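In order, the protein sequences belong to chains A and B.
Per the numbering used here, the first sequence starts with residue 1, numbered consecutively.
Per the numbering used here, the second sequence starts with residue 1, numbered consecutively.
Note that these hints are calculated values from the structure, not bench results.
A few of these clues could be false.
Claimed, not checked - Here are the computed lysine to aspartate or glutamate pairs in the DMTMM-like style, where the Cα-Cα straight-line distance is at most 25 Å:
{"id": "1", "chain 1": "B", "residue 1": "Lys299", "chain 2": "A", "residue 2": "Glu353"}
{"id": "2", "chain 1": "A", "residue 1": "Lys29", "chain 2": "A", "residue 2": "Glu239"}
{"id": "3", "chain 1": "B", "residue 1": "Lys378", "chain 2": "A", "residue 2": "Asp343"}
{"id": "4", "chain 1": "B", "residue 1": "Lys165", "chain 2": "A", "residue 2": "Asp292"}
{"id": "5", "chain 1": "B", "residue 1": "Lys304", "chain 2": "A", "residue 2": "Glu239"}
{"id": "6", "chain 1": "B", "residue 1": "Lys28", "chain 2": "B", "residue 2": "Glu520"}
{"id": "7", "chain 1": "A", "residue 1": "Lys400", "chain 2": "A", "residue 2": "Glu411"}
{"id": "8", "chain 1": "B", "residue 1": "Lys318", "chain 2": "B", "residue 2": "Asp152"}
{"id": "9", "chain 1": "A", "residue 1": "Lys400", "chain 2": "A", "residue 2": "Glu433"}
{"id": "10", "chain 1": "B", "residue 1": "Lys299", "chain 2": "A", "residue 2": "Glu411"}
{"id": "11", "chain 1": "B", "residue 1": "Lys35", "chain 2": "B", "residue 2": "Glu459"}
{"id": "12", "chain 1": "B", "residue 1": "Lys318", "chain 2": "A", "residue 2": "Asp176"}
{"id": "13", "chain 1": "B", "residue 1": "Lys372", "chain 2": "A", "residue 2": "Glu353"}
As the list claims (entries may be wrong) - Every beta carbon over 12 Å from chain B, so not counted as near; a handful from chain A, in silico:
{"id": "14", "residue": "Arg87"}
{"id": "15", "residue": "Arg160"}
{"id": "16", "residue": "Leu197"}
{"id": "17", "residue": "Ala449"}
Stated by the list, open to error - Per the computed footprint, the stretches of chain B lying under chain A, defined by three or more beta-carbons under 8 Å from a beta-carbon of chain A, are:
{"id": "18", "segment": "208 to 217"}
{"id": "19", "segment": "360 to 371"}
{"id": "20", "segment": "410 to 424"}
{"id": "21", "segment": "472 to 478"}
Predicted model only: the values in this text are computed from it and were never measured.
Note that the Cβ used here is the ideal one computed from N, Cα and C, for glycine as well.
These are the residues of each chain, in order.
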Amino acid sequence: MTEAGRIVIVGGGHNGLVCAAYLARAGRKVLVLEAADRVGGAAVTREFAPGFLVSAPAHLLYGFDAAIERELRLAKHGLGYARRGLRTVAPGDAGALILDGADVVAGEVSAADRAALVEYVQRQRRFAAVLARQNGRVPTPWNLARFALDIRCLGRAGMRELLRVGTMNLHDLLEDRFESAALKGALALDGVLGAKLGPRSGQTFFTSLQRADAHSLPRGGMGAVTGALAIAARAAGAEIRVASPVASFVVSSGRVSGVALESGEEIAADAVVSNLDPKSTYLRLLGARHLDAEFARRVQHFRTDGCVAKLHLALDGLPEFRGVPADALGERLIVAPDCGYVDAAFDPAKYREFSPQPVLEITLPSIHDPALAPAGRHVLSAIVQYAPYDLAGGWDEGRKGLFDATLAVLERHAPGLRSRIIAAELLAPPDLEREFRITGGHWHHGELALDQFMMLRPVPGAAQYAAPVDGLYSCGAGCHPGGGVMGNAGRNAARVVLAALRRAPAGGAA
Amino acid sequence: MTRYDVIVIGAGHNGLTTAAFLAKSGLKALVLERKPWIGGAAVSRELHPGWIYSNCSYVCSLLRPEIYRGLDLARHGLQVAPYGGGVTFTRDGDYIGGYPDKDVRRREYARHNERDADAYLRYSRDTMRQCRFIRSLLMRTPPDPASLRLRDLRELAHLGREFVKLGPTTMGDTIRFYSMSIADYLNEYFESDLVKAHHAGSGIIGTALGVHSPGTAYVLLHHYMGDVDGQVGSWGFARGGMGAVSNALAGALRAAGGEIRADAPVARILARDGRVNGVVLQNGDELYSDIVISSLDPKRTFLKLLDAGDLDADVVRKAREFRIRGSSGKLNIALDGLPSFPALGAGHPLVAGDMHFLDTLERFERAYDDWKAGTWSKDPYLDLLIPSLTDPTMTPPGKHYMSVFVQYVPRELAGRDWTDADRTAFRETVFDQIARYSPDFRSLVLHAEVRTPQELENEVGLTEGNIFQGELTFDQLFFNRPFPGYAQYRGPLRGMYLCGSATHPGGGVMAAPGANAAREVLRDLRRPAIVPQGWSDD
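From just these sequences and the hints, can you work out the full model?
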């Protein structure tokens with residue numbers, strides 16, 4: 001069956017939905033094919049125990065493009081927030097350290113450190129704003145020039161500073177400016193979350209910029225974001241089919257002309273846009289035989305091994321964290337007491353071992369959003385680092401070990417927590433790979449590092465969303481600007497697809 | 001009271017190079033050296049009767065051919081003899097040989113892994129492309145990207161053109177080179193852990209980073225961008241030890257009428273009203289000059305030789321935050337004969353090359369973890385050479401000199417200074433590592449000099465004992481070296497310049513910083529540009 005002008009989007013994650021919504025709004029006929037029973041990809045709200053809902057794997061919203069929220073009228077389509085601008089809370093025996101942006105709300109921090117923090121956060125925000133502007137652009141040479149101009153506009157001192165610290169590690173930067181161990185630990189965490197990097201690894205300053213934005217809890221969990229996106233896409237005329245896994249792309253006369261579903265059905269399309277990670281897109285669905293050997297080799301080496309596990313606990317009541325006031329429990333709790341702790345947690349990952357004392361980012365979303373758990377009960381969601389995908393000895397053995405280690409750390413910071421657990425699950429990278437269909441289980445679809453950034457993401461020759469094979473495009477987190485729930489990749493890709501289709505009129509190739 | 005046209009502080013290879021070029025241009029130049037001998041870290045010293053040690057830097061490759069020719073160093077006695085290849089021993093008694101001959105090397109790699117033998121062709125092609133690009137920048141002053149001066153814009157445009165010439169894919173690779181870890185880079189080519197380990201050493205030598213630390217791929221390049229007799233990437237020995245480099249430079253300087261004063265430590269740089277006018281020696285002597293050039297690292301130059309009152313607070317802060325960490329040590333060993341390496345067998349040509357003993361990336365990374373924990377690596381990376389096989393003038397006939405570079409060795413042991421007991425324990429760690437692959441080694445040792453970063457700091461004056469005068473990571477390279485705004489060899493005071501390895505293009509016995517600094521001084525004095533610029537070799 002041939003239908004002129006149709007665009008098929010493979011994968012209904014947030015970027016696929018954003019892309020679908022923009023294409024549909026531009027008057028294109030769009031079909032989204034999602035393998036799972038529901039849309040959302042890695043930004044969903046799922047029931048992990050009867051009555052207990054959790055956002056998985058992403059559990060906080062930050063860096064989401066405000067333009068997308070506005071243009072797709074997501075508020076109208078049901079996106080609301082249970083809480084915006086979460087504080088960061090580090091439990092401690094002598095009282096918690098509580099940070100609200102550049103402000104130390106609680107904690108023993110010297111006046112010098114407080115002043116240094118203001119300077120530090122301002123710098124982060126200034127630089128992050130430059131990056132955020134670039135996130136919304138397709139990385140063409142022209143846009144690189146605009147990026148250079150933005151950097152230039154930071155002023156002489158700002159530009160020099162960005163060019164200096166851009167590749168630096170957080171450990172050195174923090175050691176230079178701060179005294180408080182707890183503060184350094186909290187700031188170091190933002191550079192390593194989601195990455196296979198320790199605070200001493202170069203580029204952690206750059207990765208920390210991704211988290212310079214405020215963190216929010218969407219009402220109803222992360223599924224509310226993708227839910228609203230799906231409604232927006234449908235409202236614009238896009239069709240979404242769930243439970244329709246795609247087996248391969250159909251290639252005829254050197255161009256991708258449609259997709260073949262696992263059910264055997266073939267759907268023709270003028271353009272196919274893949275929301276999947278680059279390895280799934282190029283090596284599994286397209287196949288290396290349609291690619292230049294050098295290109296295929298580079299895709300093969302795109303670093304996609306996840307290093308993060310996700311812990312979900314159903315609790316029969318609220319736990320108490322050491323030194324954390326009751327009204328701060330609903331904030332973003334972290335276990336990263338100092339830089340050395342984070343570094344020590346990272347070291348085993350280099351040898352394919354999990355951290356015996358992991359670093360944690362914890363949320364108790366049901367405090368702000370009671371609908372996520374039965375009355376009086378609560379959900380705890382934690383990012384657990386480090387958990388290398390290729391664990392020596394395998395995850396069948398390792399899962400229990402990491403679970404125990406994580407609970408031991410939790411119990412130390414929240415005595416009595418263990419006895420409140422009704423149900424629990426730990427998703428290791430292979431679980432994330434299986435459940436969310438992401439190669440390597442890396443929720444950014446690949447390490448967010450400078451060597452996999454912008455025109456290098458995923459590989460040179462495919463960074464501008466168009467594949468080296470005609471008719472195929474990418475819109476996932478494996479493209480610029482990468483992971484997290486930002487939506488930029490979907491929006492940028494839609495722009496590229498529309499421009500390409502305008503050049504080759506709809507149906508012209510069919 | 002004597003006036004000089006220029007005073008250079010420090011008679012290391014860069015200080016001598018700067019002074020030699022300036023003297024050649026007709027300026028009255030004086031080099032002041034703290035120690036009774038000259039050469040800084042490029043010295044030959046007889047610490048055991050009859051044995052000449054290259055006791056700090058020990059091999060030669062990076063020295064720019066433009067400088068070699070421009071200062072006529074051959075005439076002043078410098079000869080560089082290439083040595084053949086390298087070898088990495090495995091724990092199970094085998095080895096992998098990096099033979100200089102491409103075909104032999106290919107067969108050797110194929111012995112371990114067929115695909116890696118093919119991949120090596122790709123690896124050397126890609127790495128060489130990057131080398132060629134960076135080589136073109138070594139003898140140029142970095143542009144200031146934040147400046148709108150015509151000169152900087154022109155240089156940026158030149159850089160942009162050269163960069164675009166690489167083509168899109170190589171351009172991408174260049175950016176990746178500055179941000180990747182050596183482990184990730186090698187993973188893109190090789191399968192065999194042994195082959196990876198064989199290449200990984202160059203990514204961490206002299207650097208306080210592990211093989212998995214982003215930024216180490218560049219350090220590899222830094223060790224590949226030199227050449228001996230036009231053979232890019234190969235290494236050689238200066239005949240008579242590394243002191244021959246310094247002596248040849250000193251010869252060139254003296255021949256041009258320059259002066260060197262050894263045993264003359266500088267106490268302070270004299271400055272008034274934002275400009276320098278000379279130096280005071282520690283003995284109280286004052287020497288005057290409108291131009292003072294420091295070959296010391298920025299910490300010493302800005303924090304010790306200058307008064308904080310003469311400087312902007314921002315410069316002081318930048319100098320304080322300049323990252324310069326000791327991460328390596330060295331053993332110089334006098335041997336009664338040639339030790340055997342059973343894996344290679346007697347008379348094997350690779351005995352004359354560099355020898356290594358870490359056969360997996362994991363061992364490399366664990367060696368780094370020891371450094372992080374504040375101790376020397378218990379299973380250290382060694383770059384072991386027997387220079388006397390190539391240059392018999394180093395020892396009495398039949399005897400040998402072994403140079404053992406050791407990575408990682410911290411400046412302080414968990415916050416405290418080294419003691420003699422520590423030094424002995426450290427020596428034993430290294431001896432054990434060697435003896436594991438050479439059973440008769442210990443019985444041949446006649447004398448061993450142990451150098452930790454502390455010795456390097458105290459004797460040579462390299463802060464923290466960092467061999468490159470500052471880490472070679474992107475935040476301290478090119479227009480960031482030593483720090484933004486001061487990368488064009490000019491200091492914060494008028495008439496003050498920097499010419500050490502802490503300036504572009506960085507450490508190693510390259511002499512390019514010294515030459516580039518001299519070019520900038522001549523430019524400011526509006527004198528003819530006699531210092532070679534750009535590249536002349538390909």
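Checked hints:
no.: 1; hint: B:Lys299 / A:Glu353; verdict: violated (40 Å)
no.: 2; hint: A:Lys29 / A:Glu239; verdict: holds (8 Å)
no.: 3; hint: B:Lys378 / A:Asp343; verdict: holds (20 Å)
no.: 4; hint: B:Lys165 / A:Asp292; verdict: holds (22 Å)
no.: 5; hint: B:Lys304 / A:Glu239; verdict: violated (71 Å)
no.: 6; hint: B:Lys28 / B:Glu520; verdict: holds (17 Å)
no.: 7; hint: A:Lys400 / A:Glu411; verdict: holds (16 Å)
no.: 8; hint: B:Lys318 / B:Asp152; verdict: holds (22 Å)
no.: 9; hint: A:Lys400 / A:Glu433; verdict: holds (18 Å)
no.: 10; hint: B:Lys299 / A:Glu411; verdict: violated (46 Å)
no.: 11; hint: B:Lys35 / B:Glu459; verdict: holds (8 Å)
no.: 12; hint: B:Lys318 / A:Asp176; verdict: holds (10 Å)
no.: 13; hint: B:Lys372 / A:Glu353; verdict: holds (19 Å)
no.: 14; hint: Arg87; verdict: holds (30 Å)
no.: 15; hint: Arg160; verdict: violated (4 Å)
no.: 16; hint: Leu197; verdict: violated (7 Å)
no.: 17; hint: Ala449; verdict: violated (7 Å)
no.: 18; hint: 208 to 217; verdict: holds (count 6)
no.: 19; hint: 360 to 371; verdict: holds (count 4)
no.: 20; hint: 410 to 424; verdict: violated (count 0)
no.: 21; hint: 472 to 478; verdict: holds (count 3)
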